Structures are given as structure tokens and as C-alpha cells.
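Enquirer: Modelling step: build the complete structure from the supplied sequences, incorporating the hints.
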Amino acid sequence: MKHMHKVPFRFLCGIALFIFSFQVFAQDAVAYTQVPEYLCEIGIKFYRQGRYEDALHEFRKALIAEPNFEPALKYIRIIEQNTLPPMAEDEMPSSSGVGQSALPKETISTYKETIKEYIDLAQPKKELFVVPLQVTPAAAPSGTIAISPQLPRIKFPEKEKVIYKPLIIILDENFKDIRQPIEIEENKDVLVVGKNIRRFLVTQPDILSVERENPDQVRLTGKQVGYTYVHIWDDNARWTLEFFGSLLKSSGLTVAEKMRLDAERADTFKLRYILDWNSYETGRRADSLSRQSYSWYHSLSLNGATPYGRIDSTAVMRSLRETTDLTHFTLGLTEGSWGDFKDFSLRGFNFSPGFSNLALSGDASSLRGVSIKSPAFNKKLYYNLFWGREGGGRFGNLSPGLTKIKNSFLNGADINYYPSDRLDFGFSVAHGYGRERPGHLNHYAYDANTDWVLGDWKMGYEIGYDTDTFAHLFKGAYHQPGLNFTYELRNIDKDYLTITGETWRRGELGGLFTLRFSPDEKWNISNRLDVYQDRLFPALDSDNRWNQNYDLDARYEIDPSASLRFAYTLQNQLGELSQSRYQSPQIGINKTFHFIRNVGAYLTYRHQDNKNYSGPSLDYVNDNISSGIRFSLIGNLYYFFNQQWNWLQDKYTGEHSSPHVYDMGLDFTSQVFDTPFYEHIRFMYRDEEDATSNLSFLSGQDYIEGYTELSYRPTPEKEAYCSARVRNVWAEKPSVIKRLEADFNAGMRYTWDTGKRWEAVGSIDGYVFKDLNSDGLRQRDEAPIAGITLWLGKGISATSDMFGYFKFSNIRGQKAFVVMDANTIPSGYVLTTPQTQAAAISQGRTTSLYFGLVSRSEISGIVYFDVDGDGTYTSLDKGIKNVLLRLDDSKTVKTDAEGRYSFSNISIGEHKLALDINSLPLDYIPEVPLVKTIGLFENITYLYNIPLKKIRE
Numbered sequence: 001m002k003h004m005h006k007v008p009f010r011f012l013c014g015i016a017l018f019i020f021s022f023q024v025f026a027q028d029a030v031a032y033t034q035v036p037e038y039l040c041e042i043g044i045k046f047y048r049q050g051r052y053e054d055a056l057h058e059f060r061k062a063l064i065a066e067p068n069f070e071p072a073l074k075y076i077r078i079i080e081q082n083t084l085p086p087m088a089e090d091e092m093p094s095s096s097g098v099g100q101s102a103l104p105k106e107t108i109s110t111y112k113e114t115i116k117e118y119i120d121l122a123q124p125k126k127e128l129f130v131v132p133l134q135v136t137p138a139a140a141p142s143g144t145i146a147i148s149p150q151l152p153r154i155k156f157p158e159k160e161k162v163i164y165k166p167l168i169i170i171l172d173e174n175f176k177d178i179r180q181p182i183e184i185e186e187n188k189d190v191l192v193v194g195k196n197i198r199r200f201l202v203t204q205p206d207i208l209s210v211e212r213e214n215p216d217q218v219r220l221t222g223k224q225v226g227y228t229y230v231h232i233w234d235d236n237a238r239w240t241l242e243f244f245g246s247l248l249k250s251s252g253l254t255v256a257e258k259m260r261l262d263a264e265r266a267d268t269f270k271l272r273y274i275l276d277w278n279s280y281e282t283g284r285r286a287d288s289l290s291r292q293s294y295s296w297y298h299s300l301s302l303n304g305a306t307p308y309g310r311i312d313s314t315a316v317m318r319s320l321r322e323t324t325d326l327t328h329f330t331l332g333l334t335e336g337s338w339g340d341f342k343d344f345s346l347r348g349f350n351f352s353p354g355f356s357n358l359a360l361s362g363d364a365s366s367l368r369g370v371s372i373k374s375p376a377f378n379k380k381l382y383y384n385l386f387w388g389r390e391g392g393g394r395f396g397n398l399s400p401g402l403t404k405i406k407n408s409f410l411n412g413a414d415i416n417y418y419p420s421d422r423l424d425f426g427f428s429v430a431h432g433y434g435r436e437r438p439g440h441l442n443h444y445a446y447d448a449n450t451d452w453v454l455g456d457w458k459m460g461y462e463i464g465y466d467t468d469t470f471a472h473l474f475k476g477a478y479h480q481p482g483l484n485f486t487y488e489l490r491n492i493d494k495d496y497l498t499i500t501g502e503t504w505r506r507g508e509l510g511g512l513f514t515l516r517f518s519p520d521e522k523w524n525i526s527n528r529l530d531v532y533q534d535r536l537f538p539a540l541d542s543d544n545r546w547n548q549n550y551d552l553d554a555r556y557e558i559d560p561s562a563s564l565r566f567a568y569t570l571q572n573q574l575g576e577l578s579q580s581r582y583q584s585p586q587i588g589i590n591k592t593f594h595f596i597r598n599v600g601a602y603l604t605y606r607h608q609d610n611k612n613y614s615g616p617s618l619d620y621v622n623d624n625i626s627s628g629i630r631f632s633l634i635g636n637l638y639y640f641f642n643q644q645w646n647w648l649q650d651k652y653t654g655e656h657s658s659p660h661v662y663d664m665g666l667d668f669t670s671q672v673f674d675t676p677f678y679e680h681i682r683f684m685y686r687d688e689e690d691a692t693s694n695l696s697f698l699s700g701q702d703y704i705e706g707y708t709e710l711s712y713r714p715t716p717e718k719e720a721y722c723s724a725r726v727r728n729v730w731a732e733k734p735s736v737i738k739r740l741e742a743d744f745n746a747g748m749r750y751t752w753d754t755g756k757r758w759e760a761v762g763s764i765d766g767y768v769f770k771d772l773n774s775d776g777l778r779q780r781d782e783a784p785i786a787g788i789t790l791w792l793g794k795g796i797s798a799t800s801d802m803f804g805y806f807k808f809s810n811i812r813g814q815k816a817f818v819v820m821d822a823n824t825i826p827s828g829y830v831l832t833t834p835q836t837q838a839a840a841i842s843q844g845r846t847t848s849l850y851f852g853l854v855s856r857s858e859i860s861g862i863v864y865f866d867v868d869g870d871g872t873y874t875s876l877d878k879g880i881k882n883v884l885l886r887l888d889d890s891k892t893v894k895t896d897a898e899g900r901y902s903f904s905n906i907s908i909g910e911h912k913l914a915l916d917i918n919s920l921p922l923d924y925i926p927e928v929p930l931v932k933t934i935g936l937f938e939n940i941t942y943l944y945n946i947p948l949k950k951i952r953e
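Under this note's numbering, the residues of the sequence shown are numbered 1 to 953, in order.
For the record, the hints were derived by calculation from the structure and aren't laboratory data. All values derive from a computational prediction rather than experimental measurement. Heads up, the beta-carbon is just placed ideally off N, CA and C, and yes, glycines get one too. Hints are not guaranteed to be accurate.
Stated by the list, open to error - Straight line, CA to CA, 27 Å or less: simulated BS3-like cross-link-like pairs of lysine-lysine: (1) Lys815 with Lys342; (2) Lys223 with Lys894; (3) Lys223 with Lys881; (4) Lys176 with Lys195; (5) Lys379 with Lys475; (6) Lys223 with Lys188; (7) Lys891 with Lys932; (8) Lys342 with Lys270; (9) Lys807 with Lys878; (10) Lys176 with Lys188; (11) Lys176 with Lys74; (12) Lys881 with Lys894; (13) Lys815 with Lys756; (14) Lys342 with Lys807; (15) Lys718 with Lys611; (16) Lys380 with Lys458; (17) Lys894 with Lys912; (18) Lys718 with Lys756; (19) Lys891 with Lys878; (20) Lys912 with Lys891; (21) Lys195 with Lys878; (22) Lys373 with Lys406; (23) Lys912 with Lys950; (24) Lys881 with Lys932; (25) Lys881 with Lys270; (26) Lys932 with Lys912; (27) Lys881 with Lys949; (28) Lys373 with Lys270; (29) Lys891 with Lys949; (30) Lys815 with Lys894; (31) Lys718 with Lys733; (32) Lys223 with Lys270; (33) Lys932 with Lys878; (34) Lys949 with Lys894; (35) Lys949 with Lys932; (36) Lys932 with Lys950.
As the list claims (entries may be wrong) - Pair by pair, the computed Cβ-Cβ distance ranges are: (37) Leu666 with Phe470: 52 to 62 Å; (38) Ile925 with Pro215: 35 to 45 Å; (39) Arg528 with Asp609: 41 to 51 Å.
Expert: See below:
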């Protein structure tokens, strides 16, 4: 009995243990049977993306879990037949898949453990990562994403990556085997052959263009980088092709890039010399000519680049009849670079401060001393410091020992701050001193100004202070297509002075307004109105009277050969010390007639009415008609004729007169055959009549004039010329002297390239990296990319190492261009930075560049009417066009004719995709939320289809 009781107990315990073990491992066993299917789905995704090595890796992992899994065997055969080189016998799969002999036992054991761990990790989250068997949006359920699980890899024989770039695509039963997306380079073609292609559609025509070759063929041409779909309808079916537009891949530098590099290297020192000679003579006859003026002008300059910036120097010498002066000498350094001190300008001897405002006017345009200009704080601040002696200049008295130099000095500073591109502030201070400085001027002057942009308005304010009085300026501008409006309100104290003396519009209170607008392409109208009080020299009878100056100019184009012009001028200066009012309307027409030759003609009528309240003898009324023609007689030989009639009334004396004049002549300009000589010849006759009136607008002289010039210009940098003008003048009224005038000029301009360079020697380094957020800046968490070739100059290249680092050493020049070789960019990657980047060469220093690449990450899908109501897009469903979708409240797209949409090259991270419900047809509503939050990973295409349903039939 005891044994009978013990046996059943042990037996029952064994059965219970077996049942418990079966229940414990049943879940893993079931999950283990799903692993091959899951891994194959991942492999199929990689296969359709063209990532064949990754796909092969996933299919072989599936065979580890189930050696006879048919889908994995099928795709392995396809990949090996099309992309892989022949494998060794011990690497070939058997008829039953990859057996135990194909891989080491420890490898298989490791993989089984890894797969079990992966199942344990993925089991709670498997509903988040649904991998569709088809990766095109048309076959994907709503809200699917493809990811690549990071499992340990088995090391298979490495192979060269094949980028699929077909020249011809045939739309037949083998089309399904074409790997997509298909890469097409810029300006390269792909020919698509079908059967009676009826129509085609490109979703992104800026990336790819389509042109029909014949009824059965279309030619696709790459235009720029990006992804696009092409839909083609022929007699067999509707075909959808996905393309990736990539950069044109060429080895080394292009011709244009080499030329650009050569231009940077060709920056040698150049010596430039300018000579001008002039002699002016008059007399009663040719044998009695006497010299009235005589001058020589010499200018010598040396310019070139140095390791510390561009240097320029110029010396000007003038010779008059009895004196010779070195009137101007300057020496400067621009684009300066001294260690970290960059982009500064330094100038000595003669210079201009380089700014003009209410503190420092244009009278200080020539000083002899030193100035420095430079940016600071990342070019948010610019400052200008100067010190110099007044006097001299290009026409002044700077020659030591010949003329006493003025003992008057100026120094000061101008500082400008730019916190943004829509706001800036400025401040200037100037100090004047010296024994010969005028006593009525103050020793200091200050200026402060600000400018800001508000919408389409640009406004500003400036205040000046001379330590006694103030000056104010308010200004602004408004711009729209076809419309320009500006205003300037001023209040300048009558005693206000700049650091050098008189200021612009001293003592005025008023405003200047301009308005230019074009109602259409034929009209062009401009207005200018200046209204002000002159408080410095006001009218004697009223010191607060306003003055008005107004100008109107309106032009209308009748056709390309004819135009009308209407103008009006008003100068109502009743608030000035000398009171006057002048007004003049004008109308005219210009027309080109096409006879045997083109004849240009014009006709203008103008009325003038002048009233001078302070000097009545200057009152007059005049009506004026002007006309003229110009046409070619033979080639470049032109004939011109101009006529002017005046009907003048002297309102003070009541006298009437009709002064009139005409001139005519010949004008010829041409190159002398096929030589570097050029000639210009002009002959003109002018006849004035009735010009004796005191108010006549004519000079009262008739003359015949001849002018000739011959120049020699073998190159743009070399020229020699001589010219002569002779005029025989007859007196038309007693105040004119009969005479003969002769004007002679000669000169040369010559630039000599010394061929000498003073080049900086420095280095260029940088990194190639995965720009995950597509901002062009390298972050700590952005991985390097190795194996990328970069070119510098002719035949000089470097390859990024495992850290993405590259370097070019001992580079000579002013600036160099580094170009990424597009052939070495991994397939599916696009640049987030320029392919060609410029680097300034600094003496003994290293300039760093960064090249960012990002793999394809996009969000795409279809907005469709869910006909069968299953929530999945099928052939029964209908795409809805022109539906607006918005990504992160910044990017927007509209669905195409098939309901497709796509956001390409999206940065990784979380994004919000919103459907604009107002863009839906009235009788449709979405079956999903209006806003979808999407987490995007690198090299992921997130497929999100949006089903719609009808709210009424």
C-alpha cells in the first residue's frame, strides 16, 4: 500500500512539473515562431530602401530562428544573384537554409539568446512598431513606422555597395524587382519605357522634370536634391516610381571651381600709374593763341594682398603753371587680420573719417592723420576712431615745405551697435582744437541715432548737440512693390554748427517727402515735396512764413517706341530773405520712327513763370518749345539736329523777345578696324538769334566746334589717349568776345602686374558629421562620418577619418575652397551645409570647416476617402487632392491629385502633423485626430495615412 501511494505521488509530481514547464516556456516558444516573420519584415524594408547588406543580415538572422523559412530564402537568393559576388562553398546556404555547419555553434547560441532577450524587450511595445510588408504609402496602414533594431551583427564578407542608377526603366512584369528609391543625379537623365503612356505626374516638379520622347517613352531629368514620386499611366497599369535626386557626382574640382581657386591665387601686387595733361588756349586767330591754363596730374598706386590684409597706397602730384604739389598721399590696410583681431581697416596720412552726420559734416572729408575701423562682439558692434590735421586733400596743400600746413586738428569716434537686423543704434563724438581753428566753432560735437524696422516701415531718429544747441532729424521709409514713400522731418537750430562749421539746412524747421509709385508697368510717377521755415535768413516781413518746393515727374509708355512725360516744378520761397515764386509745367513726347533707319525724335513744351518779390526786375514769363532728331547715316556715323524757340516777356519792362537757337552736327564713335585703337569725332554748328535780352536764356554766341579723340586700349588695364577741341566763336551780343578756343588733353592709364605675392601660410581642418537636427552646426551627440573625400585645389584631397576629421596643412593663399566629393557621400544622404565652403587663410593659424550630412528622414502618406471603411488604404479607396497639412506650424504641403503628401529631410525628434480641416471638401470629415504627434528617428520614413468619411451622401 505504501508503494502504491508513493508511485502515484511521484508520477503526479512529474506530470505537474512537466505541465508547469510547458506553461512557462510556451509564451517564448510562440514568440520564437514569430521571430522569422518579424525579421523578414525588417529585411524587406531594408531591401526596398536599397540597403542590401542590412537586408541580407536580417534575412540570415531569420534563418537562425527557422532554417526553412521560405520568405528569407527567397530574398537571400534575389540579393545574392543581383548584388553579391560568388560565395565560398562553406558560406552557401543549403536547401534547408543555413544549417549548423554554416555558422559556428557559439554564434548560433549567442543569437538565440539575443533573440530571446529582444523578444522580452519588444513584447510590451510591439503595438508601437508595426512594420508593413509594403513600404509605399499606398500599401501601408495608417501610422506605421519602419525601424532597425540594434542586434549584434554576424560578420559576412564585405562587398562594395551598389547604388542603383538605371539609364532605362521598363514598365513590365519585372518592374516589381526594381529597387526604390531610384537615385538620379542633377542634370542626368533616366528613360522610362511603357506601352502607350497616356499621362504622367510628378509630385515635386522642382526636383525632377519629365518630358515625353514618343508615345511609349518619357525622359526624367534630375534638377535638385530631394525625394519625389512619379506616377505614370499606360495601357497596362498605373505605375508609381520613387526617386531620390542627388548631387552631380564628379571626381575632384570642376573647371569653374578651378578657375575660382586660380582667381584667389592670382591676387598679386599691382602698380598703377595715371597721367593726365591739359592745356587751354584762346586768341583771336590760330596764330595768336595764348595759354590760359596748364596742368599735369600724376597718380601712382600700389595694391595687393598680404597675410595681414589688403594693402593699398596712392600718391597724387599736381603741377600747375608755377607750382608742383604732392596733394594727396594715403596708405591703408583693409580686411585686416592679426591673430584674433579680424576684419579691421587701418589708414594713415590722407583719409576721410568715413561717416557724416549732424556732428561731423562732409567738410571733414580730408584729414591727414590716422584712422581705424573694426567690428567687435561677433560683428554686433562697429567702431571708428580717427585723428587728423585739417586742410589738404586731393586738391589741397599737403606738400611739406611748399605751403604752410593748417594748425587745426580733429579727432573722434563713431560707434554703431546692431542687436538685430531690424534695429541699430549709433553714437558719435568729435573734438576740434588748434591755434588756427576758427574761434566761433565749439570744441566738441555729439550725435546719437537709431534706426528700426516695423513691418514694412523703416524709421529712424538722429539728434545732434554742439554743446550749445540741438539739431533733430526724424526719417522713415515705406516700401511695397510699385510704391516707395520716404519722409524726413528736421528741426535744426539757427545757431547750430558741426565740428567744422556750417551744417546742412541750418536753421530750418520742416519736412521733406518723396513718393514714387507705378500703378502698372506703363506708368512711373515721382513726387518730391519740401516744406520748411528758414529761421536763419527769414523774410523781413514775417519770420515764420513757410516755403514750399514741389516737383512732379510722370512718365507713360505708350509702346516700346514711344513715351509721354509730364512734369511740374514749384518753388514758392516766400519765407526766404529773398522772396520769390517760380513755377513751370512741362509736357513732352519721345518717339522712335522706323523708316529706312531708326529715327529718334522728341518734342517738348514748357511754360515758365518767375516772380521775384525782392527784385521785380527779374520777373518774367516764358513759353518754350524744344524738338530734335537723331539717326544713323552710315553705321556709327550719326546726324543730330536740335531746335529751341522761346517767347519771353520781361514783366518789369514789358519787353517781348523771341530768342531761339538751333544746333546740328555729326557724331562718330568706333573701333578702328580690328585693332585696339578707338576714335571719336564730333563736328557741331550752333546758331543763336535774338539773344540780346537781359533775361535771355541763351549765351549770345554762335560757334563751330570740332572735337577728335584717339585712344589705345589693348587691355582693360592699359590705355593711352589724346584729344583736341577747337571752337570758333562769333559774338551775337556786345558782351560776348569773338575768339578762338583750343583745348588739348593727353594721358595714360597703366597697370603693371608685378607677379609678386605675399601669401599667408596656414591650415584648414574640420569635421564631417551626421547633422541630426539639420542646422549645419556640429553638436556633441552628432556622430562622425568616415571615408568622405574633400578636395582642395588641383589634385589635393583629404579623407575624413573615423572621427570625421580631416586636415590640409601648409596652405598658401588668401582664400581657399574646400569641396566635398559627391561620389563619396553615402547613398540616401544629403548635405545640410554647402558642398563648397570658403576658408580664409590666416598666417600661422588653422581655419575650421564643418560638413553636415543627414540621411533621409521623412513623413509621408495619403489623404483618402475610406470607401470600405476599414481604415486601410486599398485600391477601392479614393485619394483627395489639395488637402493642406502643416508640420510644426511652419512647413505646409498640399496633397497631389492622388492624395499623396510628403515632408522630406525632416530632423529627428518629435514633430506635430496637423490636418487643416478647412481644406477638406465640405462633405468629408477625418476618421483620425486632427493633430498627430510623431517621433522621428534617423533614416526613417514614417507613413501616416489619413482616412476620411462622408458625413452625408
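Enquirer: Work down the list of hints and note, for each, if the structure agrees.
Expert: Do the hints match the structure? See the list:
With a C-alpha separation of about 14 Å, the suggested pairing of Lys815 with Lys342 holds against the 27 Å cut-off. Restraint check for Lys223 and Lys894: satisfied, since their Cα atoms lie roughly 21 Å apart, inside the 27 Å limit. Using a Cα cut-off of 27 Å, the hinted pair Lys223 and Lys881 holds, with the two alpha carbons roughly 25 Å apart. Our distance criterion of 27 Å between C-alpha atoms is met by Lys176 and Lys195, whose separation comes to about 17 Å.
Proximity of Lys379 to Lys475 is assessed by CA-CA distance (about 25 Å); at most 27 Å being required, the pair is judged to hold. With a C-alpha separation of about 8 Å, the suggested pairing of Lys223 with Lys188 holds against the 27 Å cut-off. A C-alpha spacing of about 15 Å is found between Lys891 and Lys932, which places the hinted pair at or below 27 Å, so the restraint holds. Between the alpha carbons of Lys342 and Lys270 the distance comes to roughly 24 Å, so the proposed pair stays at or under 27 Å and holds.
Under the criterion of a C-alpha separation no larger than 27 Å, the hint pairing Lys807 with Lys878 is inconsistent with the structure, at around 55 Å. Straight-line distance between C-alpha atoms of Lys176 and Lys188 comes to about 23 Å, which keeps the hinted pair within the 27 Å bound. With a CA separation close to 14 Å, the supplied pair Lys176 and Lys74 stays within the 27 Å bound. For the proposed pair Lys881 and Lys894, the alpha carbon gap of about 7 Å is at most 27 Å, so the pair holds.
This hinted pair checks out: Lys815 and Lys756 have alpha carbons roughly 17 Å apart, not beyond 27 Å. Distance check on the hinted pair: Lys342 and Lys807 sit about 23 Å apart at the alpha-carbon level, within 27 Å; holds. Restraint check for Lys718 and Lys611: not satisfied, since their Cα atoms lie roughly 54 Å apart, outside the 27 Å limit. Restraint check: the Cα-Cα separation between Lys380 and Lys458 comes to about 19 Å, which is no more than 27 Å; the hinted pair holds.
For the hint pairing Lys894 with Lys912, the CA-to-CA distance comes to about 16 Å; that is within 27 Å, so the pair holds. Between Lys718 and Lys756, the direct Cα distance comes to roughly 19 Å. Compliance with the 27 Å bound is thereby established for this hinted pair. Under the criterion of a C-alpha separation no larger than 27 Å, the hint pairing Lys891 with Lys878 is consistent with the structure, at around 25 Å. For the hint linking Lys912 to Lys891, the alpha-carbon distance of about 11 Å falls within 27 Å, and the restraint holds.
A hinted pair counts as satisfied when its Cα atoms are at most 27 Å apart, and Lys195 with Lys878 qualifies at roughly 25 Å. Taken as a hint, the Lys373 and Lys406 pair is honoured in the structure, with Cα atoms around 26 Å apart against an allowance of 27 Å. Distance check on the hinted pair: Lys912 and Lys950 sit about 25 Å apart at the alpha-carbon level, within 27 Å; holds. Note on Lys881 and Lys932: the hinted pairing holds, with a Cα-Cα distance of about 20 Å set against a maximum of 27 Å.
For the proposed pair Lys881 and Lys270, the alpha carbon gap of about 63 Å is over 27 Å, so the pair is violated. Our distance criterion of 27 Å between C-alpha atoms is met by Lys932 and Lys912, whose separation comes to about 6 Å. Restraint check for Lys881 and Lys949: satisfied, since their Cα atoms lie roughly 15 Å apart, inside the 27 Å limit. Simply put, Lys373 and Lys270 have alpha-carbon atoms about 25 Å apart, close enough for the 27 Å limit, and the pair holds.
A distance of roughly 26 Å separates the Cα atoms of Lys891 and Lys949; the hinted pair therefore holds under the 27 Å criterion. A C-alpha spacing of about 44 Å is found between Lys815 and Lys894, which places the hinted pair above 27 Å, so the restraint is violated. Distance check on the hinted pair: Lys718 and Lys733 sit about 46 Å apart at the alpha-carbon level, beyond 27 Å; violated. Of the supplied pair hints, the one linking Lys223 and Lys270 is violated, its CA atoms being roughly 42 Å apart against a limit of 27 Å.
For the proposed pair Lys932 and Lys878, the alpha carbon gap of about 22 Å is at most 27 Å, so the pair holds. The suggested pairing of Lys949 with Lys894 holds, with an alpha-carbon distance near 19 Å, which does not exceed 27 Å. Between Lys949 and Lys932 the alpha-carbon distance is near 18 Å, which keeps this suggested pair within the 27 Å criterion. A distance of roughly 21 Å separates the Cα atoms of Lys932 and Lys950; the hinted pair therefore holds under the 27 Å criterion.
For Leu666 and Phe470, the Cβ-Cβ distance of about 59 Å falls inside the hinted range of 52 to 62 Å, so the restraint holds. Take Ile925 and Pro215: their Cβ atoms lie about 42 Å apart, and the range 35 to 45 Å holds. At about 20 Å, the CB distance of Arg528 to Asp609 disagrees with the hint of 41 to 51 Å.
Hints 9, 15, 25, 30, 31, 32 and 39 from the list above are not met by this structure, while the remaining hints are.
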